[in-house]
Amino acid sequence: MTIHEFLSLPAETTRRAGPHDRIVMSSRVRLARNLRGLAFPGWAKKPERIKALEIIRPAVESLPQLNGAFSETMDNLGPLDKQILVERHLISCEHMAKSAGSGLVLNREESLCVMINEEDHLRMQALRPGLQLRQAWLAIDQVDSELERKLDYAFNSELGYLTACPTNLGTGIRVSAMLHLPGLVLAEQINQIIASVNKLGLAVRGLYGEGTEALGNVFQVSNQMTLGEIETDIVERLNKVLLQIIEHEENARGMLLEKKPKFVFNQTGRAYGILANAHSITSKETMNLLSMMRLGVDLGEFPGADRALIDELFIITQPGHLQKKFTEKLPAEERDLIRADMLRERLRQVGRPTPKPPPNSGAALDKRN
Amino acid sequence: MICKQNPAKVHLTQIVGDKMQKVDLCDDCAKKKGVNDSAGFSLADLLLGLGASNEIAQSSAGEEIRCPNCGFTQADFKKAGRLGCSQCYLAFAEGLEGLLKTMHKGTKHVGKVPTALRQSRDLNERLKHLQKKLEKAVTAEDFEQAASLRDEIKTAKDQIDHLAPKASS
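Here the protein sequences line up with chains A and B, keeping their order. Position one of the first sequence corresponds to residue 1 (my numbering), numbered consecutively onward. Position one of the second sequence corresponds to residue 370 (my numbering), numbered consecutively onward.
I should point out that these hints are in silico values taken from the structure, not numbers from a laboratory. Idealized CB from N, CA, C, for every residue including glycine. Mixed in with the good hints, there may be bad ones.
Here are some chain B residues the structure puts well away from chain A; computed CB gaps all over 10 Å [unchecked claim]:
no. : residue
1   : P437
2   : D445
3   : E463
4   : K474
5   : K477
6   : L496
7   : L499
8   : E510
9   : E513
10  : T524
11  : K526
Computed spacing ranges between beta-carbons, pair by pair [claimed, not checked]:
no. : chain 1 : residue 1 : chain 2 : residue 2 : range
12  : B       : K470      : A       : L243      : 27 to 33 Å
13  : B       : R487      : A       : Q192      : 42 to 48 Å
14  : B       : K477      : A       : K356      : 51 to 57 Å
15  : A       : G18       : B       : L459      : 22 to 28 Å
16  : A       : Q192      : B       : E433      : 44 to 50 Å
17  : A       : D306      : B       : E466      : 52 to 58 Å
18  : A       : S62       : B       : A449      : 31 to 37 Å
19  : B       : K470      : A       : L9        : 46 to 52 Å
20  : A       : E61       : B       : H498      : 40 to 46 Å
21  : B       : E513      : A       : N67       : 37 to 43 Å
22  : A       : K45       : B       : H498      : 44 to 50 Å
23  : B       : R490      : A       : E258      : 45 to 51 Å
24  : B       : N438      : A       : N67       : 35 to 41 Å
25  : A       : K325      : B       : R490      : 28 to 34 Å
Can you make the complete structure from the sequences, with help from the hints?
Shown next, in the form of structure tokens:
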């Protein structure tokens with residue numbers, strides 16, 4: 001089975017609901033683990049990487065949680081397959097560049113994904129829709145506890161789990177959530193929020209993690225420190241901060257609607273106008289405009305659309321997904337035409353926005369969802 | 370300050386744990402490092418990329434340390450920002466300590482421990498405790514208690530032997 005046949009359709013995955021999914025698009029907890037005695041993947045020679053893969057892959061495949069999983073080595077995946085996996089946030093950009101000696105095991109529900117020989121021998125992650133950090137931690141903790149019976153982990157009682165990069169040392173945990181924050185961006189409060197989140201020792205990154213742009217007003221918030229704190233404290237701390245960011249985002253939306261409704265409706269209306277009528281559009285412009293339309297949907301401006309449709313468009317208009325139907329790689333200009341065709345077609349069912357008068361208070365807005 | 374060419378215009382302060390870290394950057398470096406970028410940026414990443422590897426290199430005044438297990442050197446760490454294998458943490462322990470302090474909440478792991486290891490640690494502690502009690506009992510010439518302690522010690526030792534071999538380290 002190819003990865004295309006295995007992956008659920010974006011129309012299905014975007015319908016998976018979770019708490020606070022109006023703002024929190026997904027939650028993720030990943031653990032970094034390594035095998036004792038073997039060089040880390042970045043330093044290991046190819047035979048050693050293959051040896052690690054051959055030890056780890058069957059151990060991962062044998063877990064009950066990964067029954068019926070998709071399991072493949074990276075050299076057996078084409079560039080387009082890898083791109084699609086990145087666009088689904090199932091593998092990292094770093095893992096995309098790997099070939100022989102690296103692998104991927106993904107469960108049926110696409111909620112557990114194990115990267116073998118990425119930066120560390122093992123990068124296992126649990127994913128959940130909406131704000132579900134605790135559930136994601138419990139799921140991945142269980143996978144890890146079962147794997148430790150089969151694998152000889154590099155662990156030191158002083159330093160904890162030993163990782164290729166000292167930034168992951170100790171717990172090897174990275175707890176993160178992907179947030180859609182158009183309100184804070186439009187209200188020009190986002191930099192303030194980022195600065196205060198940074199002060200708490202947490203990182204704010206763009207759509208595809210480290211070193212990427214916040215396209216479509218999507219931000220990833222995650223812990224930085226992994227040593228000297230227990231996992232559940234890290235999870236709880238991030239959870240608390242995320243709840244505060246959600247509140248700030250809702251307040252920013254409420255404030256904008258109350259004080260500058262025309263400004264907001266101008267953004268959402270123009271976004272719809274371009275997306276529904278363009279004949280050529282880049283992926284970057286699409287994401288930024290879809291973000292505005294998503295905000296419009298949240299504000300009840302588009303009775304004919306729901307958030308899942310926008311989220312689906314967000315995925316299928318990205319370069320990898322867009323080219324899936326075509327056998328060969330298309331030049332960017334041609335992709336822009338196809339993307340625009342697809343958007344016009346899909347948005348035909350969505351009527352023009354009908355802005356509602358601003359609600360009496362922000363509270364009514366918070367209650368929705 | 371980082372390129373050591375242009376005057377610093379961006380001054381950044383970040384509080385990590387209870388420590389304050391400061392970086393001064395010129396416009397170009399700030400842009401390169403994405404300090405003004407709305408996608409966010411973290412001082413730890415910046416420090417890791419620039420300062421951290423230097424710290425390791427300086428710690429051993431000239432002579433090059435090499436990991437006995439994988440042959441990784443400080444120069445390699447400086448280049449890659451990552452270590453060669455799990456043994457590198459022992460080989461470069463001295464230089465890494467300061468780095469870990471700036472990077473993390475603490476320098477000692479307090480989180481999850483593999484079960485087999487935790488069991489063996491608990492048993493070893495119990496064994497030590499029993500042996501101390503035995504010494505006392507012998508000194509006090511309480512032979513009855515000493516005999517029962519000896520039995521308990523034997524059971525604990527058997528349990529340790531029964532644990533998976535990997536738990537011994």
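Next item on the list: If any of the earlier hints don't hold here, list their numbers in rising order.
Entry: 2, 4, 5, 15, 21, 23, 25
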